[in-house]
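Asks: Using the sequences plus the hints, can you model the full thing?
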Amino acid sequence: MKRSVPFEIFRYAAIFAAMAVTLVPILWMVSMAFKPIGEWSATGADLTWWPRQPTLSNFRFVFGESDNDLIVALDHTAVKPILSSLLSAVFGTVIAMSAGTAAAYGLSRFGSGQNLPLALTQLRLFPPMAVMIPVMIMWAFLNLNDTWLGLALIYGIVTLPFAFWLMKTFFDDMPREIEEAALVEGCSRLRVFTRITLPMMRAPLASAALFVFILNWSDYLIALLLTTREWVTIPVYMASLSSSMTGQLYGAKAALGLIAAVPPVIMGIAIQRHLVRGLTFGALKQ
Amino acid sequence: MSAIHLQNLVKKFGDFTALKTMDLEIADSEFMALLGPSGCGKSTTMNMIAGMEEPTSGKILFGERDMAGVPMGRRGVGFVFQNYAIFTHMTVRQNLAYGPRMRGAAKAEIDRRVGAIAEMLQLSPLLGHKADRLSVNILQRVAIGRSAIMEPAIFLLDEPLSNVDAAFRAVMRTELKQLQRQFRQTMVYVTHDQLEAMTMADRIAVMDHGVLQQVGTPLEVYNNPANVFVARFIGAPGMNLLKGRPAESDRGLVIDLGPLGVTPPLPDELATALRTVRGDVLYGFRPEQVTLAERGLSMPVSFVERIGARTIVHLGEGEGAVKAVFENGVGLSVGQAAVVAPPASSVRVFDAATGLAVRAG
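Chain order of the listed sequences is A and B.
Everything in the first sequence is counted per the working numbering, starting at 895 for the first residue and increasing by one.
Everything in the second sequence is counted per the working numbering, starting at -2 for the first residue and increasing by one.
It is worth saying that the hints were derived from the structure and are not from the lab.
Be aware that one or more of the hints could be misleading.
[Unchecked claim] One side only, chain A facing chain B, incomplete, derived with CB under 7 angstroms:
| id | residue |
| --- | --- |
| 1 | 1071 |
| 2 | 1072 |
| 3 | 1074 |
| 4 | 1075 |
| 5 | 1078 |
| 6 | 1079 |
| 7 | 1081 |
| 8 | 1094 |
C-beta atoms are modelled at their ideal positions from N, C-alpha and C, and glycine is treated no differently.
Replies: Structure, rendered in structure tokens:
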């Protein structure tokens, strides 16, 4: 199709604008992370776009080394929040994916739990705040407040609908004949699921798990409400990085943000082949 | 080895009846094709034989054994699916070895069987390949191998060749037939392609709208269709059917085809049977058996279709349209009038009201 020149210009302008909106904050973060205080603080006289004297002091700072220029000492370092984020997001993802996959398979193959899709969607219908207050009270009774396990549990619950819906579409798309072929050969139902279905669903499972993990990893609100000190997660910890002297510690925040971006990016690259391959099942040619 | 008996088999999905009271006897080591258009109930029948679906009522027996409640893994059937259903996360070898492995065969036994079946289906060089990189032709070979490896007494094939390309289909028709000759399994082959059914099957069961229309050898269903559906469905093109009314003439019983004139007199036996029919009849004859003649049905040529080996000439229009298959050299062109006559022995007559064949004798 031949497009007119003005349209092409508009098209590229739109693409460029969309990319700017997404990429500029990341660029800003990368730049900030390597700046010395003078270049990012509001008091600094020489604010710059790009660090003139790149330094790792921001990274050292969040891991506990005092910064002479900052005159601020942290009461605890970023190590525990990183651990907290990792534990809660990973276990939350495990919970959501196991329950979601099992439920989706049951509904897709046996039609059991017809009301389940709607019931699970209801989890997301209320504003999170409305749900979180009772959860805080329940978690307090269970002694789960300010623990990574408590966070992992609630993460598993709130991301379950996503895991369920994603997996359900994948199971619906997978031809039943593949399972029937194994059943005819004398394979048991459970064995079909574990040895045939799940291995063939590796790609969809990986994409869904990444999606759920990113949701958990980037949560701020739930962690803010359910953790107070011991097990705060990266986003909550990040919000606390400020001082009365300099205000927001942008350099430290950016450094932490860069660290936080690492796990999703690594996972994304690791399963890229699966993401691209997507949902095409080699076996099915209709 | 095993015969299959289907007795009063009915399958309903909610209000929809997929299969209406089917009775069919498939003999031991017989190649039976279930032939019919989409939605005729042939796959449903097959799925019930395999045990994937339970019949709403009726019985399925393998030999003397009632299959009610026997799960598909215990029926000892091989099943080949239209879309292959290959385990793409495994290699060709693992796919082939799946059945024996599930049944706990010894390693040496598995290797022997895999080697033999791969040899037969020319898959030996591909044994180490991952199954997700193979062409559809190879995938279907693997699927056939995976089912055939256990040498099941009953082998079920659900349109196995409808996704492969035409050249390969021709090859596989021969191979499947040889496979069956070698193992003498009872084969049930679901297809909508009459060429497959005609070339491979010992007998064909023609189905339509969940009703079994006719069971017979390929030549029986071709030469003596039991009803109008089979007459039209079998053959390419299907049988010509012209509406008319029996009428006595001084040369014997003829059929008055209205504007097309009257037919030549019918053979005596057919005429005798036809005298019992009241009302309209359909006068049928195969396009391949039509010859040009001095006297017969005079019709204008409306279209000439060249299909390579033969030429199909379309004659007349609407209700009175007739197709005739000739050698390529036939001197007919559009607009010309052709006088055609089917030989008396090839004429079949159907009762227009019931659609059933009027059989001589």
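Asks: Compare the structure with each hint and give your call.
Replies: Against the structure, the hints come out as follows:
no.: 1; hint: 1071; verdict: holds (4 angstroms)
no.: 2; hint: 1072; verdict: holds (4 angstroms)
no.: 3; hint: 1074; verdict: holds (6 angstroms)
no.: 4; hint: 1075; verdict: holds (4 angstroms)
no.: 5; hint: 1078; verdict: holds (5 angstroms)
no.: 6; hint: 1079; verdict: holds (4 angstroms)
no.: 7; hint: 1081; verdict: holds (5 angstroms)
no.: 8; hint: 1094; verdict: holds (5 angstroms)
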